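Modelling step: build the complete structure from the supplied sequences, incorporating the hints.
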Amino acid sequence: EAQVTQNPRYLITVTGKKLTVTCSQNMNHEYMSWYRQDPGLGLRQIYYSMNVEVTDKGDVPEGYKVSRKEKRNFPLILESPSPNQTSLYFCASRLMYQETQYFGPGTRLLVL
Amino acid sequence: GENVEQHPSTLSVQEGDSAVIKCTYSDSASNYFPWYKQELGKGPQLIIDIRSNVGEKKDQRIAVTLNKTAKHFSLHITETQPEDSAVYFCAASRTNFGNEKLTFGTGTRLTIIP
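These protein sequence lines are chains H and X, in that order.
At position 54 of the first sequence (counting the first as 1) the number is 54 in this note's numbering, and the numbers step up by one without a gap.
At position 24 of the second sequence (counting the first as 1) the number is 24 in this note's numbering, and the numbers step up by one without a gap.
Hints listed in this document are in silico derivations from the structure and should not be mistaken for laboratory results.
Quick caveat: nothing in here was measured; it's all calculated off a predicted structure.
With a straight-line cut-off of 27 Å between C-alpha atoms, the simulated BS3-like cross-links for lysine-lysine are:
id, chain 1, residue 1, chain 2, residue 2
1, X, K37, H, K57
2, H, K57, X, K101
3, X, K42, H, K57
4, X, K42, H, K65
5, H, K71, X, K101
6, X, K57, X, K101
7, H, K71, X, K42
8, X, K37, X, K71
9, X, K42, H, K18
10, H, K71, H, K18
11, H, K65, X, K101
12, X, K58, X, K42
13, X, K68, X, K101
14, X, K37, X, K57
15, X, K101, H, K69
Derived, one-sided and incomplete: chain X residues facing chain H with beta-carbon distance under 10 Å:
id, residue
16, G1
17, D49
18, A91
Ideal Cβ placement from N, Cα and C applies to all residues, glycine included.
Structure (structure tokens):
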């Protein structure tokens with residue numbers, strides 16, 4: 001089944017404790033991105049990657065890192081999480097020259 | 001950059017009635033306008049999209065209209081059913097050689113009243 005998977009789905013952590021949210025897709029998509037979803041703000045792009053070893057900042061990159069060592073994986077790293085990073089996070093992927101994005105199921109993060 | 005505004009933020013309609021959600025965009029170069037449906041506990045899923053060379057597109061009970069001059073587009077759901085209850089997002093993007101970036105609206109929570 002073609003899909004985007006994220007792990008974990010739910011995470012509670014404390015301020016400053018490094019964490020990684022994994023994202024994997026099995027559709028051979030070149031383009032992958034991370035969004036955060038907050039009430040009243042919709043979906044905002046954090047980082048994106050157009051291919052292996054090619055990443056760039058989105059609209060709200062502060063406090064986040066990403067890497068793209070393999071085509072199928074695009075982990076999101078919070079090296080020192082803060083309470084304002086409490087949010088619902090989505091990974092998405094698509095083919096390079098097609099606009100349709102496929103979203104993962106989301107990761108709900110609470111930073112205490 | 002692009003700015004997409006979406007209204008209303010919440011909408012309740014009686015089952016069987018129609019629902020309309022409206023979005024406006026700011027970048028006249030935007031040429032792709034998708035609508036995503038997000039059910040509880042799931043990620044957004046594309047339900048319909050329209051490109052700037054088309055004024056209207058329909059898929060069964062769902063239709064999208066685009067007014068390029070006024071820079072607004074709308075989602076129309078007819079004969080609403082309980083399974084239509086969800087959060088709906090509009091978005092806009094422009095052709096950018098593979099680096100097309102979707103800018104999303106703030107979402108509309110649609111509730112269908114049985």
